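So the sequence lines, in the order shown, correspond to chains A and B.
FYI, the numbering for the first sequence is 1 to 705, going by our numbering.
FYI, the numbering for the second sequence is 706 to 1410, going by our numbering.
There may be inaccurate statements among the hints.
Non-contacting residues of chain B with respect to chain A, defined by C-beta distances greater than 12 Å in every case (computed) [stated by the list, open to error]:
| id | residue |
| --- | --- |
| 1 | 756 |
| 2 | 787 |
| 3 | 794 |
| 4 | 875 |
| 5 | 911 |
| 6 | 945 |
| 7 | 999 |
| 8 | 1035 |
| 9 | 1121 |
| 10 | 1188 |
| 11 | 1209 |
| 12 | 1280 |
| 13 | 1316 |
| 14 | 1393 |
Derived pair list, reagent style DSS-like, types lysine-lysine, alpha-carbon separation capped at 27 Å [unchecked claim]:
| id | chain 1 | residue 1 | chain 2 | residue 2 |
| --- | --- | --- | --- | --- |
| 15 | B | 746 | B | 827 |
| 16 | A | 152 | A | 234 |
| 17 | A | 24 | A | 41 |
| 18 | B | 783 | B | 827 |
| 19 | B | 939 | B | 1107 |
| 20 | B | 1357 | A | 582 |
| 21 | B | 1359 | A | 530 |
| 22 | B | 1128 | A | 152 |
| 23 | A | 698 | B | 1346 |
| 24 | A | 641 | B | 1403 |
| 25 | A | 652 | B | 1287 |
| 26 | B | 746 | B | 926 |
| 27 | B | 1346 | B | 1358 |
| 28 | B | 1244 | B | 1403 |
| 29 | A | 652 | B | 1244 |
| 30 | A | 539 | B | 1359 |
Hints are computed from structural coordinates only; laboratory data are not their basis.
If you're wondering where the values come from, they're calculated on a predicted model, not measured in any experiment.
Cβ atoms here follow ideal geometry from the backbone N, Cα and C, with glycine treated the same way.
There are 2 protein chains.
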Amino acid sequence: MHGLNALFNPEKVAVIGASRSPKKIGNAILHNLIRSRFPGKIIPVNPREEEIAGIKCYPSMTEVPFPVDLGIIVVPEKAVLSVAEDCGKAGCKALIVITAGFKETGSEGLRRERDLVSICRKYNMRMLGPNCVGLMDTHTPLNASFARGFPKEGNISFISQSGAMVLSILDWSFDLDLGFSRFISLGNKADLNEIDFIQSCIEDPYTRAIICYLEDVTDGKRFLEICSEAGRKKPIIVFKAGTSSAGARAASSHTGALAGSNRAYDTAFRQCGIMRAAEMNELFELAVAFAHQPLPQSERVAIITNAGGPAIIATDAVERYGLTISRFEKETIEKLRQNLPPESNFYNPVDVLGDAPEERYRLALETVFSDPNVDNVLVLLCPTAVTEPEETARTLLKIKEKYAEKTLFAVYMGGRTLEAGKKILTGSGIPTFSYPEPAARAVRGMVHFVRHVESSRRQETPVDPGPLDRGAVEEILEQAAADRRLVLLGHECSAVAQAYGIPVSPIILAESAEEAGEISEQIGFPVVLKISSPRISHKSDVGGVAVGLQNRSQVERTFQSMVDRVRRLLPEVPIYGVEVQKMVDSGTEVIIGMSRDVQFGPLIVFGLGGIYVNLLEDVSFRFASRLNTREAIEEMISETKAHTILRGYRGKKKGDIPALIDAVARVARLALDFEEITEMDLNPVRVFPRGLSALDIKITINREK
Amino acid sequence: MHGLNALFNPEKVAVIGASRSPKKIGNAILHNLIRSRFPGKIIPVNPREEEIAGIKCYPSMTEVPFPVDLGIIVVPEKAVLSVAEDCGKAGCKALIVITAGFKETGSEGLRRERDLVSICRKYNMRMLGPNCVGLMDTHTPLNASFARGFPKEGNISFISQSGAMVLSILDWSFDLDLGFSRFISLGNKADLNEIDFIQSCIEDPYTRAIICYLEDVTDGKRFLEICSEAGRKKPIIVFKAGTSSAGARAASSHTGALAGSNRAYDTAFRQCGIMRAAEMNELFELAVAFAHQPLPQSERVAIITNAGGPAIIATDAVERYGLTISRFEKETIEKLRQNLPPESNFYNPVDVLGDAPEERYRLALETVFSDPNVDNVLVLLCPTAVTEPEETARTLLKIKEKYAEKTLFAVYMGGRTLEAGKKILTGSGIPTFSYPEPAARAVRGMVHFVRHVESSRRQETPVDPGPLDRGAVEEILEQAAADRRLVLLGHECSAVAQAYGIPVSPIILAESAEEAGEISEQIGFPVVLKISSPRISHKSDVGGVAVGLQNRSQVERTFQSMVDRVRRLLPEVPIYGVEVQKMVDSGTEVIIGMSRDVQFGPLIVFGLGGIYVNLLEDVSFRFASRLNTREAIEEMISETKAHTILRGYRGKKKGDIPALIDAVARVARLALDFEEITEMDLNPVRVFPRGLSALDIKITINREK
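Construct all of the structure, not just a fragment, from the sequences and the given hints.
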């Protein structure tokens, strides 16, 4: 990681393309470096200048007489490759390529970008960009960007695939008095990408929360691997743009990014414990909370308010986000009753009334914080004639200091009257909102992170599918490939599933009554007979289905009468024979499926099965690569309504969940072992009180192995 | 409505309890009246003063020598009744009672409130309050409240059940430079309530949009009646607090409001075309849009941006909210290509690039607005080194003037750098946001309103259930009431449904083989026989079910063998006989149900039926009172997945939707006709290609008629 260190903590930084002209980006970067009080050496490089801003200027990197750690390249795109080469020779460990005109412009640019990466590899340099705004680290301090201004020192790191978003968020940060640790503009991600920077921010001691604006993920499999570790260490909040099909078009036309499907990203983020912001503003709500507040001990919230309406809104939000309203101890209620006016509400939410001055908030907060059932407090304030927003703000800060392990969120519901009070709060790390909902959402986000960390620490049982017959599957897939088929035949699907220990209910075609009788004896009674014809879809309408056949002679007789009847009714239809299937008990029908995502690999689906799968959409998703414990699979199953049915719904018999976990694990294993399988559908899988059986299986393969 | 006119447009206003002391509310109100430049006469009333603020003061209302239109009462609660009496005598047409200490304080307060209403009735006065902040009308102008400040003149009316929310929103309005027509603080709603004020704001020529903060609705049935008309005339946006069970508790403890269930409110608002804000901030997003922008001609949106990331976010939001990205005409694209730099994006979203000055926005917006496929435009701006936020803002305003029929929304993504530009835009009626999502949401809200208005204009077919046998139902309900039963018996349910023309599949108990044979011949073959016993739940497990019986002798034989078999297997179980039911074709199983809401009356439910109703929750709701056309019922049905199945899903046969509409209408009629029916469940109702049949019906009644 020496390259990343050179990016954030260089000793000597060269600006190649530094300029005297205030209109040039090369000028902005140089002055940003100077103004940020970067403690190392700054080297402007420009063949036409002797000095810029009072600093000696070199004509080229090769003429700098000492090794340089970091080269920031702002020369025109045609000159970038040779400058990068020079940087390599000058011993640079890292580059920031600000210059645009690469992959995003078309095939020539793409070639240039590839050459640039080759040069980096050759000299063992890591690179940020090209086509980026640069980066900032407030703790070094270092402003290696052309953004206007430098953020306040703080604990949030922002990683952005959009340069504009860096500028916007920086601009907001001044309004909100929000501190940042790092700003990273990813640009084209030709070398370093979001995974590298997430990893680096996890290691950065100054970063407490990571927020990302992403349009795609460069390497889905590595993302899952690295970020599932990272997501347990620090809160990561991602806004993923390009969720819509139209949005994906905009993404690819703009950055040349290949946008994966929205569902795949959702699943990947979840499996990594990454919180996904639904809207831009949620990025901040959560970041601010994590940056300064302790992690909540529980989901129990107390509310203090000077007005009833806002308290109702806050209570609604607390419930909507799965938090709970604390029940106070008797002593708490008693103490509130002694100290507050008699018309106050002493229960949670505590109403200190519209005429509450600072003092009443102090009394209420002190009392509520000292209650052992309270771990998070929302303080709501509406501007009335006697409100003291600033004094109250200072009081909140002072009391909060005494309760380091509890969280405090302020909701100042108003505009100009409350401005100064809001500034006092946010400037000192109390997340302050204009409405109650985002405050509750922030607590929910924090609780969610705590639970993820906890769950990742629990003991888990790795899935062990035992010995599998890989060879049998290979053989079938090879045969299909040889036949240039993209879909496996029914009996092939059965055989593949059986090779991986997935219980199936095989369907065997009998061409004569005798054969049907024989097959029945082999598979065991009772059996079902169904007429086999490509032209008959509603078999029971023509008497083409017989269930519950108990012995050989019954099977043989039924075969004959069924074939005769159908021939008589539909003389022109070809009949292949009769399908014999062991009769399957009734049970809950579920689906286990797999669809291979281009970014993240095989995506496993589980849910209610049958013909209404797509209509009811009672499904949950996981990537196979991280679906490696029984607990993880159980969690996946438990997210569906199918799970409610399997647990015994309305007097229905329970389903065998351990067997189901096993089957899901085997499907995941199969998908991981055979990359040529692109899709699988086991639907329905019937789950019995003991065991299960896949009644219908479809497997799609890819011709190129 | 003379009373309401006296509230908003009085000629003479008395402040009873006017005070010299700047700390008193009676002082604040007097000065608010004066400062608001109220053009009529102001009369302070206070027995201890000769004059206040240079205006002659009267000792009591009875001594005012001329008639007064509006009395504002701020005396202590004990004095309110006699003062109100005096106001009545002085000829007041309306009162605003600011004083608190009524219903919200307990039973004594409630009694006082009732007496206050009686006095109003006696003198034919209308009353706002008690326990409120007062009201404001910027067009009169009149500030009859104790809020700090007076809003800018504008087109939004705000009706609030929370006084604090009035103060908060007023405070925000100054920040946002947002104009209002009226502010109304409802207080306890002892006389006038939200319905009266919604009606009044619909008639107010200055009001273009109505926003409400509500904790409950006073008269649900009248609300449905009045607001379903109102919702077609002007956009009404409601934030309803108290959605959670915990929130409902907070509501009732605070204002004594009886909170109806969240679903009932949701349904009522929808049926009235009222938009429900999910979060507080949505109230403003929509209000601002409606106040100044024209109603959109379509849902087609164009986006102009100076950065790619925000364009993707905007495109995602446009799609998420069901809007569409306009496809430009060839000429538009050509014109953009001629006028913008070659690296720009000329398709929608139009990217004018990060270095775009005001001029480029002008060119782009002119061109895009002139495209006939564009009805709404979002302009996104990120703060880069060369952005001209203020010049651009002025340009947007200028161009917008030329396209009065198209909407324009600005998204200025940044803080202090863009502040001045934002002010220019919002001050002139261009809704300006900090993120793209709320802009798209605002367009969606407007499109939604336009569609509601359109749909309410279309020709509808009233439902006509034809002659119904009310007498039969009355008899059954009387019998049940006489028996002190709360649940109707199975055959009673069947009879009720049949009396209202709802097709049922009757179940008839046969106690002997002969009887079973006779019944079968009456109802027609094939029939199903089921053993009837209160102790056997899985009838088929004991051979207690026989299907497809084709003739009388088969029925009689089966009766005997079934009873014998079950007696043998379960000798200790009582057997009532055998239930005979005509065999019902397979079909889609749906539920039609009714639950009587205390506020809004009978709530009809439709959805996927069977045992998984509550699990799958594929249901839609409507109040019976407004479910009076075939189109309304069809719309209700079409919101469910059951509808997809009924339309013929995956080769399944279609269901008879006209028959279903008819059945829903009859259930609604039954619920409206018989108030003592509190709940009904027709589940499953099996819908066939022709006709339908209710297989199981449950009806719960109320003992008091």
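A quick look at each hint next to the structure:
{"no.": "1", "hint": "756", "result": "holds (24 Å)"}
{"no.": "2", "hint": "787", "result": "holds (24 Å)"}
{"no.": "3", "hint": "794", "result": "holds (32 Å)"}
{"no.": "4", "hint": "875", "result": "violated (8 Å)"}
{"no.": "5", "hint": "911", "result": "holds (23 Å)"}
{"no.": "6", "hint": "945", "result": "violated (9 Å)"}
{"no.": "7", "hint": "999", "result": "holds (25 Å)"}
{"no.": "8", "hint": "1035", "result": "holds (18 Å)"}
{"no.": "9", "hint": "1121", "result": "violated (5 Å)"}
{"no.": "10", "hint": "1188", "result": "holds (29 Å)"}
{"no.": "11", "hint": "1209", "result": "holds (23 Å)"}
{"no.": "12", "hint": "1280", "result": "holds (21 Å)"}
{"no.": "13", "hint": "1316", "result": "violated (5 Å)"}
{"no.": "14", "hint": "1393", "result": "holds (15 Å)"}
{"no.": "15", "hint": "B/746 to B/827", "result": "holds (25 Å)"}
{"no.": "16", "hint": "A/152 to A/234", "result": "holds (21 Å)"}
{"no.": "17", "hint": "A/24 to A/41", "result": "holds (21 Å)"}
{"no.": "18", "hint": "B/783 to B/827", "result": "holds (20 Å)"}
{"no.": "19", "hint": "B/939 to B/1107", "result": "holds (25 Å)"}
{"no.": "20", "hint": "B/1357 to A/582", "result": "holds (26 Å)"}
{"no.": "21", "hint": "B/1359 to A/530", "result": "holds (25 Å)"}
{"no.": "22", "hint": "B/1128 to A/152", "result": "holds (26 Å)"}
{"no.": "23", "hint": "A/698 to B/1346", "result": "holds (25 Å)"}
{"no.": "24", "hint": "A/641 to B/1403", "result": "holds (25 Å)"}
{"no.": "25", "hint": "A/652 to B/1287", "result": "holds (26 Å)"}
{"no.": "26", "hint": "B/746 to B/926", "result": "violated (39 Å)"}
{"no.": "27", "hint": "B/1346 to B/1358", "result": "holds (15 Å)"}
{"no.": "28", "hint": "B/1244 to B/1403", "result": "holds (21 Å)"}
{"no.": "29", "hint": "A/652 to B/1244", "result": "holds (14 Å)"}
{"no.": "30", "hint": "A/539 to B/1359", "result": "holds (18 Å)"}
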